[in-house]
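Peer 1: These are the residues of each chain, in order.
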Amino acid sequence: DTAVSQTPKYLVTQMGNDKSIKCEQNLGHDTMYWYKQDSKKFLKIMFSYNNKELIINETVPNRFSPKSPDKAHLNLHINSLELGDSAVYFCASSHPPGEKQYFGPGTRLTVT
Amino acid sequence: GQNIDQPTEMTATEGAIVQINCTYQTSGFNGLFWYQQHAGEAPTFLSYNVLDGLEEKGRFSSFLSRSKGYSYLLLKELQMKDSASYLCAVRGSGSARQLTFGSGTQLTVLP
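First to last, the sequence lines map onto chains A and B. When the letters of the first sequence are read in order and numbered with my numbering, they come out as residues 1 to 112. When the letters of the second sequence are read in order and numbered with my numbering, they come out as residues 1001 to 1111.
Because the hints were derived from the structure by calculation, they are not lab data. Note that this is a predicted model, so its numbers are computed, not measured. Wrong hints could be hidden among the right ones.
[Claimed, not checked] Heads up, simulated EDC-like pairs for lysine to aspartate or glutamate below, C-alpha to C-alpha not over 20 angstroms straight-line:
no.	chain 1	residue 1	chain 2	residue 2
1	A	K9	A	E24
2	A	K9	A	D85
3	A	K100	B	E1041
4	A	K44	B	D1082
5	A	K9	B	E1041
6	A	K9	A	E82
7	A	K41	B	D1005
8	A	K41	B	D1082
9	A	K40	A	E82
Using the sequences and the hints, build the whole thing.
Peer 2: Right, dumping it as structure tokens:
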């Protein structure tokens, strides 16, 4: 059974488009995260939700909007995509916040 | 804020021992994690230290000195499959207990 899953795995799109990435976890965790890993492999936190409440909101352009419909799901919507948004986006979960995190397989976003 | 330093690359030979260092300067500290990330894959948890000292888990051990802002990951009996990036991450002391990752150390194990 996949613990943390993300869709899609690959996403190629043009500048200016709007896209969404979905994440689901079946571990029963209360806390979920979105990370961005750039070409230099630097993994940076973007958002975190605990029990559907936003608890981490780093300095991210407001074109990025997370949504957590329930504890098992955390989606990321990106408006007006830019070249600099090209990266691998990882979803993760833990219980409670800040404990050992389980990462999804990542979504490789390429903006052309 | 957090500042975390790790060597960018290291090379070692199969069967050898390698030590990957991590130094940090933080405004609040509440634990340090090590993750392993193979190319094209997700990071996976290796170890966790919150108190000073050595934590051993099979071939992998991690050490922490809070007073020195220093940790290391020790890998023994290196295998080819240990070739990966090793990420040091510091947990902050805020209510969200946010992790800040270092840029990772790319370890190459040679035959």
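Peer 1: Take a quick look at whether K44(A) and D1082(B) sit within 20 angstroms of each other, Cα to Cα.
Peer 2: violated, 24 angstroms
Peer 1: Please verify whether K9(A) and D85(A) have alpha carbons no more than 20 angstroms apart.
Peer 2: holds, 16 angstroms
Peer 1: For a C-alpha distance cap of 20 angstroms, please report whether K41(A) and D1082(B) respect it.
Peer 2: Holds, at roughly 18 angstroms.
Peer 1: Verify the proposed pairing of K41(A) with D1005(B), using a straight-line Cα cut of 20 angstroms.
Peer 2: holds, 14 angstroms
Peer 1: Taking only the CA atoms, is the gap from K9(A) to E82(A) under or equal to 20 angstroms?
Peer 2: holds, 19 angstroms
Peer 1: Please verify whether K40(A) and E82(A) have alpha carbons no more than 20 angstroms apart.
Peer 2: The given pair, whose Cα atoms are some 18 angstroms apart, holds under the 20 angstroms limit.
Peer 1: Quick one, are K9(A) and E24(A) close enough, alpha carbons at most 20 angstroms?
Peer 2: holds, 13 angstroms
Peer 1: Taking 20 angstroms as the top limit, are the C-alpha atoms of K100(A) and E1041(B) close enough?
Peer 2: Roughly 17 angstroms between the alpha carbons, so the hint for K100(A) and E1041(B) holds.
Peer 1: For the pair we were handed, K9(A) and E1041(B), check the Cα-Cα distance against 20 angstroms.
Peer 2: Holds, at roughly 11 angstroms.
Consistency note: the structure conflicts with earlier hint 4 alone.
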